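Asks: Chains as they are written, first to last, in the UniProt record's numbering: chain X, 1 to 161; chain H, 1 to 161; chain Y, 1 to 161; chain R, 1 to 161.
It should be emphasised that the hints constitute simulated quantities derived from the structure, not laboratory data.
Keep in mind the model is a prediction, meaning the values are calculated, not measured.
There may be inaccurate statements among the hints.
Since the list can't tell identical chains apart, any single copy or any two copies may satisfy a pair.
Listed next, the in silico DSS-like pairs over lysine-lysine satisfying Cα-Cα at most 27 Å (straight line) [said to hold, decoys possible]:
1. LYS96 <-> LYS148
2. LYS40 <-> LYS23
3. LYS96 <-> LYS135
4. LYS14 <-> LYS148
5. LYS148 <-> LYS40
6. LYS46 <-> LYS148
7. LYS117 <-> LYS46
8. LYS46 <-> LYS23
9. LYS148 <-> LYS135
10. LYS92 <-> LYS63
11. LYS23 <-> LYS135
12. LYS92 <-> LYS135
13. LYS117 <-> LYS40
14. LYS135 <-> LYS63
15. LYS63 <-> LYS23
There are 4 protein chains.
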Amino acid sequence: MTDMQTATITDDEKARILQERLKMGFNMVPFTQAMGLTIKEMSADKITAEFAMQPQLIGNVFKQVLHGGVIATALDTVGGAMAMSGAYVALKGTPKEDRATRINRLATIDMRIDYLKAGRGTLFTATASLLRVGKQICVTRMELHNEKHELIAAGTATYMY
Amino acid sequence: MTDMQTATITDDEKARILQERLKMGFNMVPFTQAMGLTIKEMSADKITAEFAMQPQLIGNVFKQVLHGGVIATALDTVGGAMAMSGAYVALKGTPKEDRATRINRLATIDMRIDYLKAGRGTLFTATASLLRVGKQICVTRMELHNEKHELIAAGTATYMY
Amino acid sequence: MTDMQTATITDDEKARILQERLKMGFNMVPFTQAMGLTIKEMSADKITAEFAMQPQLIGNVFKQVLHGGVIATALDTVGGAMAMSGAYVALKGTPKEDRATRINRLATIDMRIDYLKAGRGTLFTATASLLRVGKQICVTRMELHNEKHELIAAGTATYMY
Amino acid sequence: MTDMQTATITDDEKARILQERLKMGFNMVPFTQAMGLTIKEMSADKITAEFAMQPQLIGNVFKQVLHGGVIATALDTVGGAMAMSGAYVALKGTPKEDRATRINRLATIDMRIDYLKAGRGTLFTATASLLRVGKQICVTRMELHNEKHELIAAGTATYMY
Numbered sequence: 001m002t003d004m005q006t007a008t009i010t011d012d013e014k015a016r017i018l019q020e021r022l023k024m025g026f027n028m029v030p031f032t033q034a035m036g037l038t039i040k041e042m043s044a045d046k047i048t049a050e051f052a053m054q055p056q057l058i059g060n061v062f063k064q065v066l067h068g069g070v071i072a073t074a075l076d077t078v079g080g081a082m083a084m085s086g087a088y089v090a091l092k093g094t095p096k097e098d099r100a101t102r103i104n105r106l107a108t109i110d111m112r113i114d115y116l117k118a119g120r121g122t123l124f125t126a127t128a129s130l131l132r133v134g135k136q137i138c139v140t141r142m143e144l145h146n147e148k149h150e151l152i153a154a155g156t157a158t159y160m161y
Numbered sequence: 001m002t003d004m005q006t007a008t009i010t011d012d013e014k015a016r017i018l019q020e021r022l023k024m025g026f027n028m029v030p031f032t033q034a035m036g037l038t039i040k041e042m043s044a045d046k047i048t049a050e051f052a053m054q055p056q057l058i059g060n061v062f063k064q065v066l067h068g069g070v071i072a073t074a075l076d077t078v079g080g081a082m083a084m085s086g087a088y089v090a091l092k093g094t095p096k097e098d099r100a101t102r103i104n105r106l107a108t109i110d111m112r113i114d115y116l117k118a119g120r121g122t123l124f125t126a127t128a129s130l131l132r133v134g135k136q137i138c139v140t141r142m143e144l145h146n147e148k149h150e151l152i153a154a155g156t157a158t159y160m161y
Numbered sequence: 001m002t003d004m005q006t007a008t009i010t011d012d013e014k015a016r017i018l019q020e021r022l023k024m025g026f027n028m029v030p031f032t033q034a035m036g037l038t039i040k041e042m043s044a045d046k047i048t049a050e051f052a053m054q055p056q057l058i059g060n061v062f063k064q065v066l067h068g069g070v071i072a073t074a075l076d077t078v079g080g081a082m083a084m085s086g087a088y089v090a091l092k093g094t095p096k097e098d099r100a101t102r103i104n105r106l107a108t109i110d111m112r113i114d115y116l117k118a119g120r121g122t123l124f125t126a127t128a129s130l131l132r133v134g135k136q137i138c139v140t141r142m143e144l145h146n147e148k149h150e151l152i153a154a155g156t157a158t159y160m161y
Numbered sequence: 001m002t003d004m005q006t007a008t009i010t011d012d013e014k015a016r017i018l019q020e021r022l023k024m025g026f027n028m029v030p031f032t033q034a035m036g037l038t039i040k041e042m043s044a045d046k047i048t049a050e051f052a053m054q055p056q057l058i059g060n061v062f063k064q065v066l067h068g069g070v071i072a073t074a075l076d077t078v079g080g081a082m083a084m085s086g087a088y089v090a091l092k093g094t095p096k097e098d099r100a101t102r103i104n105r106l107a108t109i110d111m112r113i114d115y116l117k118a119g120r121g122t123l124f125t126a127t128a129s130l131l132r133v134g135k136q137i138c139v140t141r142m143e144l145h146n147e148k149h150e151l152i153a154a155g156t157a158t159y160m161y
């Protein structure tokens with residue numbers, strides 16, 4: 001019975017299940033949870049997360065703008081989720097346990113952030129897409145917009161697994 | 001009287017007063033205060049800040065390591081403080097009000113972070129030094145070590161004023 | 001006569017003249033000329049340059065791929081040309097001599113390059129667009145494709161003027 | 001006889017032989033050879049290369065300074081040589097053929113360069129050291145100085161193997 005049921009789960013469905021698990025996992029990370037950051041959408045080629053402006057996210061009380069570290073956190077989160085989703089597909093064919101071990105050890109190697117506009121707004125949306133995905137590393141591009149669709153920051157990060 | 005007193009304040013003393021003010025200012029930033037990050041030492045060529053491990057700074061509950069965003073926040077904070085201190089010296093000769101306006105508008109343009117080792121530890125120290133300082137921009141180099149003096153992350157950032 | 005003629009030159013025409021001069025200027029730079037890199041198109045928001053594969057541009061004789069330095073050169077060239085064109089528009093209103101002086105002193109502050117695919121091909125196209133443009137600095141995004149439209153490398157650079 | 005001779009070659013000697021081969025290999029790369037760049041010293045933790053100013057390396061004829069692409073080429077070369085040397089040590093214990101295959105496929109993933117001072121001078125020295133070295137990736141830090149020991153540029157690069 002179990003085998004037959006397993007057999008009926010397609011690759012797409014498996015990827016969808018993984019994405020839901022990753023979404024739940026990322027939404028439970030202590031630091032981003034404290035910040036109110038939530039992954040909203042997750043597919044094989046795009047991730048979207050949101051967070052609202054809050055007093056404790058302020059970096060400059062006179063200008064009432066987001067701290068650069070908040071922006072870095074949001075970009076690294078969507079980049080990491082995108083990398084995990086990409087790695088899952090890229091590691092197809094790898095023995096199941098091995099694949100899980102490698103996705104679990106995924107880590108950011110480096111990240112560049114360009115702060116393009118002061119972080120003013122009430123609701124911020126972070127998105128990530130894949131620039132490169134291979135058997136060992138993955139490169140993602142990330143953006144942060146406010147509710148007026150202004151581009152606040154852009155980033156590029158490299159992940160290893 | 002006032003003039004005579006002013007005359008007795010040397011450039012070094014003025015820089016020292018500015019550094020104390022910057023230290024106080026940085027230690028009151030909502031986001032870094034919530035994180036427990038405190039600037040300890042501030043001189044014309046080096047900044048040191050500290051923070052202790054806390055449950056809400058965790059990025060991966062299984063590995064019990066710092067979130068990459070926490071590391072980015074610490075590095076951007078010491079880099080920014082170093083840049084302000086450097087800009088103050090570089091803008092010597094600029095009319096007083098102008099100098100203050102420009103230091104207040106100092107902003108991160110871009111930052112690169114290299115995550116070199118998982119963020120394990122109980123007490124973390126972030127340091128910054130100047131790579132370049134001019135009339136418009138400043139480049140700083142930053143490092144994060146744990147209490148065992150292991151290098152967790154290194155960064156480079158460009159600031160404008 | 002001269003004054004009247006000048007009066008009839010629109011801002012768009014002035015920008016077009018500058019772009020032609022920049023194109024000529026960039027195409028005469030010794031290092032890029034030796035490499036066969038030529039700016040083909042230049043507008044207010046996009047720059048395109050081309051170069052053909054040549055034996056002396058090889059970085060790995062066994063793999064017959066471009067040297068990473070060749071790619072960096074192409075990306076910095078289109079990024080710099082884009083920045084000059086962007087700065088010209090951003091500095092509108094600045095006294096004419098001042099504007100020229102500042103555009104002439106434009107310099108790369110920092111650049112990140114992501115090498116996404118081995119540099120194989122016969123004809124390479126480098127493009128640049130503006131991510132941010134202000135009174136002091138400019139951030140550009142660059143890409144290098146081969147004749148099969150494969151993305152070889154992507155970059156981000158910050159320029160000061 | 002052969003076995004006994006092999007047995008007398010220590011790990012240090014093997015590393016030294018590899019370094020000599022890498023030095024020869026790097027010094028034969030078409031693009032850097034055309035530029036006059038030569039690796040002078042190569043050890044397990046530092047690489048030094050040199051090149052002289054030449055008319056075709058100029059990026060700005062009025063300022064008579066190096067092209068940013070020349071600087072990128074020099075930094076990527078010493079970074080790559082350092083990464084190969086580091087990877088050789090890190091892959092100790094890996095089957096011999098595997099180790100060779102992986103070192104041969106070493107490639108730059110990403111690089112950041114900070115252009116700190118205009119590239120004026122007659123003789124330039126590029127150096128690289130290791131920031132991180134593992135089984136899959138390596139991060140190096142690079143610097144370029146002129147004959148007056150002025151720091152012209154600094155860089156950080158990530159290599160995969």
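Asks: Could you run down the list of hints and mark each one as holding or not?
Replies: Structure-based check of each hint:
For a Cα distance limit of 27 Å, the shortest separation of LYS96 from LYS148 qualifies neither inside one copy, at 43 Å, nor across copies, at 35 Å. In this assembly of identical chains, LYS40 and LYS23 lie within 27 Å of each other by CA distance solely inside one copy; the values are 8 Å within and 38 Å between copies. In this assembly of identical chains, the alpha carbons of LYS96 and LYS135 lie at most 27 Å apart whether taken from the same copy (14 Å) or from different copies (22 Å). Proximity of LYS14 and LYS148 under a CA criterion of 27 Å is satisfied in neither setting, with 36 Å inside one chain copy and 33 Å between copies.
For a Cα distance limit of 27 Å, the shortest separation of LYS148 from LYS40 inside one copy, 18 Å, qualifies, whereas the shortest one across copies, 36 Å, does not. Taking the shortest Cα distances, LYS46 and LYS148 sit within 27 Å of each other both inside one copy (21 Å) and across copies (25 Å). Taking CA atoms no more than 27 Å apart as the test, LYS117 paired with LYS46 passes in both settings, with 23 Å inside one copy and 21 Å between copies. Proximity of LYS46 to LYS23 under the C-alpha cut-off of 27 Å is restricted to the intra-copy arrangement: shortest distance 12 Å within a copy versus 37 Å between copies.
For the identical chains of this complex, LYS148 and LYS135 are inter-copy neighbours only, at 23 Å across copies versus 38 Å inside a copy, given an alpha-carbon limit of 27 Å. Taking the shortest Cα distances, LYS92 and LYS63 sit within 27 Å of each other only across copies (25 Å), while inside one copy they are farther apart (48 Å). In this assembly of identical chains, LYS23 and LYS135 lie within 27 Å of each other by CA distance solely inside one copy; the values are 22 Å within and 30 Å between copies. In this assembly of identical chains, LYS92 and LYS135 lie within 27 Å of each other by CA distance both inside one copy and across copies; the values are 9 Å within and 22 Å between.
Proximity of LYS117 and LYS40 under a CA criterion of 27 Å is satisfied intra-copy only: 24 Å inside one chain copy versus 30 Å between copies. In this homomeric assembly, LYS135 and LYS63 come within 27 Å of each other (Cα to Cα) only across copies, at 20 Å, whereas the closest approach inside a single copy is 44 Å. Proximity of LYS63 and LYS23 under a CA criterion of 27 Å is satisfied inter-copy only: 18 Å between copies versus 33 Å inside one chain copy.
Violated hints, in rising order: 1, 4; the structure is consistent with all others.
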